[in-house]
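J.: What follows is the residue order along each chain.
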Amino acid sequence: MKELNPIFITVLQVVIVLAIAPVFIGWLNMLKCWSQGRSSAGLLQPYRDIAKLFVKDIVLAKNASWIFRFTPYLVFSVPVVASVIIPIISTNLLLSPTADIIVLIALFATARFFTALAGMDIGTAFGGMGASREMMIASLTEPAILMAIFTVSLAGKSTSLAHIAQVFASSVPIMRPSLVFAAIAFAVVILVEGGRIPVDNPSTHLELTMVHEAMILEYSGRHLALIEWGSMMRVFLFVTLGVACFVPWGIAKTGNITEIALSFFFMIIKVGIIGAGIVFVETGIAKMRLFRLTEFLGGAFLMATLGMLSFFILE
Amino acid sequence: MILSPINLAIFSIVLLFVPVLLCALIRQNPLVLRVMAFSLAAFASFLSFIAGLWTLSSGVTNQLILPIGLPALPFHLRLDPLAGFFLMVVGLLAFFVSIYSIGYVQGLGTKRPISRLIVFYNLFIVGMLCVILADDALSFLIAWEFMAGASYFLVLFEDEHVENRRAAFLYLVIAHIGAMAILLAFGVMAGVATGFGNFDGYTFDSMRQATFSPQWATVAFVLAFFGFAAKAGVIPLHVWLPEAHPVAPSNVSALMSGVMLKTAIYGIVRVTFDLLGSFPWWWGALVLVLGLISAVMGVLYALMQHDLKKLLAYHSVENIGIILIGIGLAMIFTSFKFTTMAALALIAGLYHTLNHAMFKGLLFMGAGAVVHATHERNMDEMGGLIHHMPWTAVFFLVGCISISALPPFNGFVSEWLTFQAFLLSPSLPAPLMKLIIPLGAALLALTGALAAACFVKVFGVTFLGHWRGHNRPHIYETCWPMRIGMMLAAMSCLLLGIVPTFLVNLLDGIAETMVGSKLNVAASGTYNWMWLTPMQPERASYSGFIVLIGIIITISIAYLLFHLKSGKIQRGDIWDCGFEKLNHNMQYNAISFSMPIRRIFGFYFNIRERVRLMPQLTSPAFPLKLYYNLRVRDRFWGWIYKPIIEAAFGISRQMGKLQQGQIHLYLIYSFVTIIVLLAVVL
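These protein sequences, in sequence, are chains A and B. Taken in order, the first sequence gives residues 1 to 315; the numbers are from this note's numbering. Taken in order, the second sequence gives residues 1001 to 1682; the numbers are from this note's numbering.
It is worth saying that the hints were derived from the structure and are not from the lab. Accuracy of the hints is not assured; some may be wrong.
[To be verified] Short derived list, chain B residues pointing at chain A, Cβ under 8 Å:
1. Leu1406
2. Ala1441
3. His1466
4. Trp1529
5. Pro1537
6. Gly1550
[What the hints assert, rightly or not] According to the in silico footprint, chain A covers these stretches of chain B (three or more CB under 8 Å from chain A):
7. 1052-1063
8. 1221-1232
9. 1379-1386
10. 1448-1459
11. 1480-1491
12. 1554-1561
Note that beta-carbon positions come from the ideal geometry of N, C-alpha and C, so glycine has one too.
Chain A on its own, in the form it takes in the complex (with noise of 0.2 Å):
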């Protein structure tokens, strides 16, 4: 049996980040077309995509500033880095101290914060309108995040991703109704934060209801580029931090390398599980009218807060 370095797992985590996150949202859109019915243009889609965009030129607004030229950059680099973190394959990582699940929101937060910049740099009347919207969202899900968070904290007494996966991971998989609670609650964070229906649509170009397309319709080829890339990995990192949180069982606690390999497959079962159920909601409920997410981000906070009641109650 051969023990894998830390480093070495590291670096695994991010190659696999970086490879897997458009295969998974690939997967995405194949269940999307084969539940509406369409034929799917395959898993390896988003690579094309990607690899297309990269081999284009770039046309920049004569306007543009470098804080234009600067997000695309932070956009693409902010997830790496999360990757770095968040336990995937293992728990065993040799940064995951750096950085608590509090700091992987902020970090999040701070792409976010560059991604409305931009959106607003180039003073057209649809960037404002995307910056505003998602800045308003954001500032909904917020609570809701925090209080998941609380109530998977108190489960696990720490807010470090790989402790609590840890924790989780060596007890005994049972339902305990204070993270159910908070799972609902950090289900409906995934679709906000991954901009998907009910909240967003990715795949809209239609003034009414676009969000986050609206905030980076101005960029082209490389940048945009790295924007999408950047934001497939967003995904699917907030489906994996979710996977740490409630479902770690499976993960690797040690270098063993038949262990990561087990580890490895059971990851892309759950996160294909978990990507089923997002093609789920997305094609049984339409799009929600802007205001309307109120209710929706409340129902969340709500879900998470009853999770923590929940476990003052009966645990």
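Got chain A sorted already, so can you dock chain B onto it with the hints?
T.: Quick look at chain B alone, frame taken from chain A:
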């Protein structure tokens, strides 16, 4: 004279009087006066920063009795770690702002002499330093009034506008109501300390040694908290802040918002933890709840503003709220004797105190540069400044990221520490608090996210896009002293964000003296300065340094891989989905940006929105013009202040009826008074 922290601090205070004298000596040459006065102020502030840092790192307490003041009531001065920390905060920001002022004051024009600004600016810093050094009620209150008076004249600097005079008056009234409450609080404490027998109780030392009965302690605390809250701008006593800060010159707003509000925080910590010592949990709950209300309401009000400086002033309300959340939690934990947790919460609050001083000072300095360049405070008349003021834009952006609590800058560190303190609250023994306090964490998260939304708006509308106003002045970048002042503040925002352990270790000394426990974040291991681990390492840890390095490395790799391979960038017109008739009026502005939030949280405000269409006579379907009028008002003004003002006017009108101007009436009044007094005596 031996070189000790307190002597250094006193020396810096004496040095601050030199610019005041300079004003009298070299009035003819404003350039020399300006440069010399503010350089000296910067030097003196730096010395007081050193004095504070020295005290904090050595952990010693210096005391001194100055034989000035009333006979038999000399001034007591004391520099302990807590005072040292606040001395450091005031000194550091005053240092940056003084450098900035060398350039800024030039732009104030030649209409009025700058000597008035120089005199009150220096006296204002002197007042703040003396408040922190004071160790008896008398000198504290004298310094407090000194500070309030000097800042009143600074707010009134551009006194030709009615709104400035009105704002300054409002500030003076609320400052004095607060000062009265503080005076009464000290009176109660001094009285109890000596059993209302003599005057010896006025020193803080005798208050420290006294034991207070719960009733008297509560009276003293409530009065003191009310007084300090009026200065700090805690909701509902915040109304003066958004009036006074915008009209003062920006260097003064930076100091008022960045550090003057902090003297009130100092007062709260000093009175509760140090002078009164022990307290019931509900005091902490009161501070916590008011802190939460201030944080959420402050940021919501800020979102509704389109006046740049008014918006920043409301953000001060928010940040004072965040600081009070930390202090309130520390009080609750202390009252249940969870000293390590109390240390964490107190350090979080104090850390945010320094952070807020840095980023709010930076933002007000940046706002000063913007207002100076555009002659405009309304953000909706700005836009695209990043192309004309690249340096200011970068520094302002640093301030925006820091205040929005985003890693790896400093605002995030203190909010993260506050969250960690919140996460520990379930170990409290009272079941009700276990359930209620975590909801506070959700409100804090909401505050942080709304602040981010607000600063996307501020930076996006002011610095990005196209110019939104009608006529566009020629805009230049600011001069070097202003840039250096802002750069230093921006650098401290970054440093406090990536290497927080240094300051947390220093703050440990305060926690030890105030709540009796330490955090020991850097207990063991190499490279321990990189990791901020407030409790056990497996509980939570954060390394802003590694996060920053990681981001820099990945960005560089991505840039090298993708940009250098084919770095071609073609510049073209705006695409905008192929829409051709785009003009600059179609951009989002401050009012439209906050519209979704205004709609969701609208019930907190008094909003009046009026839309009027001017139809074309020939074809009514195509209107010529649209008038949009929005007025957002603070509800507290109508709820609390207006009734009080009306009642005051009503009473004085009734009293005025006594004065008829006829001599025989006044004679009758005197006669009746004498009869009544005689009746009482006999």
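J.: I'd like to know which numbered hints this structure contradicts. Please list them from smallest to largest.
T.: Result: hints 4, 7, 8 and 11 break, sorted rising.
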